[in-house]
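Chain residues, written in single-letter form:
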Amino acid sequence: MEAIFGSFDVYLTGFGLTIGLAVVSGVLSLVFGLLLAAARVGPVPVLSKAAAVYVTLFRNTPLLVVFIFIAIALPRIGITFQSIEVIAVGDYNVSAFFFRAVVALTLYTSAFVCEAIRSGINAVPVGQAEAARAIGLDFGQVMRLVVLPQAARAVVPPMASVFIALTKNTSIAAAFGIAEAAATMRRFTNDNADQRIEIFLLIALGYIVVVEAIAFSSYALERRWKVAR
Amino acid sequence: MRMTRTKVAAAAAGLALLTAGCGNAGSDESETRDVEAVEDAQFEEGTRMAELNEAGEITIGVKYDQPGIGFQGAGDDTPVGFDPEIGKIIAANLGIDPENITWTETISDNREPFLQEGEVDLVIASYSITDERREVVGQAGPYYVTGQQLLVPSDSDIDDVADVEGEEVCSVTGSTSLDNARAEGAQPRGFDTYSECVDQVLDGTVSAMTTDGAILLGYAAEQPDALKVVGEPFSEERYGIGYSPEYPEMCQFLNDTLEASYEDGSWEEAFDITLGQSGDDAPEPPALDECA
Chain A
334 MEAIFGSFDV YLTGFGLTIG LAVVSGVLSL VFGLLLAAAR VGPVPVLSKA
384 AAVYVTLFRN TPLLVVFIFI AIALPRIGIT FQSIEVIAVG DYNVSAFFFR
434 AVVALTLYTS AFVCEAIRSG INAVPVGQAE AARAIGLDFG QVMRLVVLPQ
484 AARAVVPPMA SVFIALTKNT SIAAAFGIAE AAATMRRFTN DNADQRIEIF
534 LLIALGYIVV VEAIAFSSYA LERRWKVAR
Chain B
19 MRMTRTKVAA AAAGLALLTA GCGNAGSDES ETRDVEAVED AQFEEGTRMA
69 ELNEAGEITI GVKYDQPGIG FQGAGDDTPV GFDPEIGKII AANLGIDPEN
119 ITWTETISDN REPFLQEGEV DLVIASYSIT DERREVVGQA GPYYVTGQQL
169 LVPSDSDIDD VADVEGEEVC SVTGSTSLDN ARAEGAQPRG FDTYSECVDQ
219 VLDGTVSAMT TDGAILLGYA AEQPDALKVV GEPFSEERYG IGYSPEYPEM
269 CQFLNDTLEA SYEDGSWEEA FDITLGQSGD DAPEPPALDE CA
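Chains as they are written, first to last, in our numbering: chain A, 334 to 562; chain B, 19 to 310.
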């Protein structure tokens, strides 16, 4: 116990990075996934095919392989993303390691976001879109004004699962230069071989807290958007 | 369908790249020496040594990714390096031939659990002796003392530990070396294995790699044109032999065996054909800790 409570700031920094990775890649995956879903259900065949291929490629590839590709294979051919390090948020300089982890997580997660959104869109009766077309709305308007608002409700539970998976998936970054929670756990166990079990449990507890926060916000959203049918 | 084909081409290119990363497999045949089992090994009834001698086989955990220390290339049957050589000496003194040793890969993280659960009988895996570890497992030795140094590209400006402040330095996630680098003001970057870390140095995504000098020398010896080891050692790592805490009698046996190997020259010979290949002479064997 004292291993973690003796250096609690290290524990908090670890989970800070976990949350940072989850939030940044979560937002980017949401945006990218939404564009993919729009392309996939949209009327342009090329875009629709391309989005389908993207989903097939990234949903079927283990995240570890995506990480190895971004963090180990790309630098080998000179793509290191180091130019990103000139960008500063306040006093904090964005590191290429963080950026590479975000790229890997976003590429992977947006495939799942796309499919979750598509399931929501499919849940909206086709008559809704037809009616919207009949009053003269174009594809963008149909999606934005009629279909997506209704789809959003159906999307909340699967989307929460996607983000929970993303949060736990950030732990893969531990092996790619990010000192997030899982890396912190390994640092603690290495220094305190005699307190392994306590360290595992406290790290697991940290993940449970973060994931529960996502779960509770999803329940809250569900309640808020609920409509009488 | 053009999109599909481009994606497939991209994926194929990616795969080719990944496999290209595994280029330097296989290892030097000369890095091994023949050890004969002691025929008439005698042990007191009921000790662990007697059990192992009776069974005629032993499981030893070593590293598989540290050239010179413990390394197994993709095509090799057994790991080679200083640690496996020490393992063979220990096994021989238990009356066990090298063929009857089962080598198991241990990584930094699973060495204590493997010993506690009896997954391996001994851990000889660049296993630094620390007080915390001695709380949960037994550690005999040290049989080798090294210190943390830096591995940098040959054209790097870094030539001492003072130069790493503010630089990104990689090592294995959660290792003591990474903690020490952090204490020196470097930005620590953890990777899963040492070889991935070496790749990061070669690709220039980190400025240096740090861990025990012995391990770094092994990598530098593999690519002398691209890499060099710099700086005075800034920590002291004392490699010990891990054994299960249930068999405290192992300690004295291990110490006696190491002592004997110091005297009959087998320790030095083991060093010369492994770590010594990077050009270093065998150092004085370190003084062993008393068994509790």
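Just so you know, these hints were derived from the structure itself, not from any lab. Ideal Cβ positions, reconstructed from N, Cα and C, are used throughout, including at glycine. Do not rely on the hints blindly, as some may be mistaken.
Covered, in the sense of this in silico footprint (three residues per stretch, anywhere, with C-beta under 8 Å from a C-beta of chain B), are these stretches of chain A [as the list claims (entries may be wrong)]:
id, stretch
1, 452 to 464
2, 486 to 498
Ranges of calculated distance between the beta carbons of each label pair, as one might list FRET restraints [said to hold, decoys possible]:
id, chain 1, residue 1, chain 2, residue 2, range
3, B, Ala73, A, Ile412, 49 to 55 Å
4, B, Asp115, A, Ile410, 43 to 49 Å
5, A, Pro378, B, Gly222, 57 to 63 Å
6, B, Glu277, A, Lys501, 47 to 53 Å
7, A, Ile412, B, Glu277, 36 to 42 Å
8, A, Glu335, B, Ala73, 39 to 45 Å
Examples of chain A residues lying across from chain B (beta carbon under 10 Å, computed) [said to hold, decoys possible]:
id, residue
9, Ile337
10, Gly339
11, Phe341
12, Ile401
13, Ala515
14, Thr517
Next item on the list: Tell me, in ascending order, the numbers of any earlier hints that this structure violates.
Entry: 1, 2, 5, 7, 9, 10 and 11
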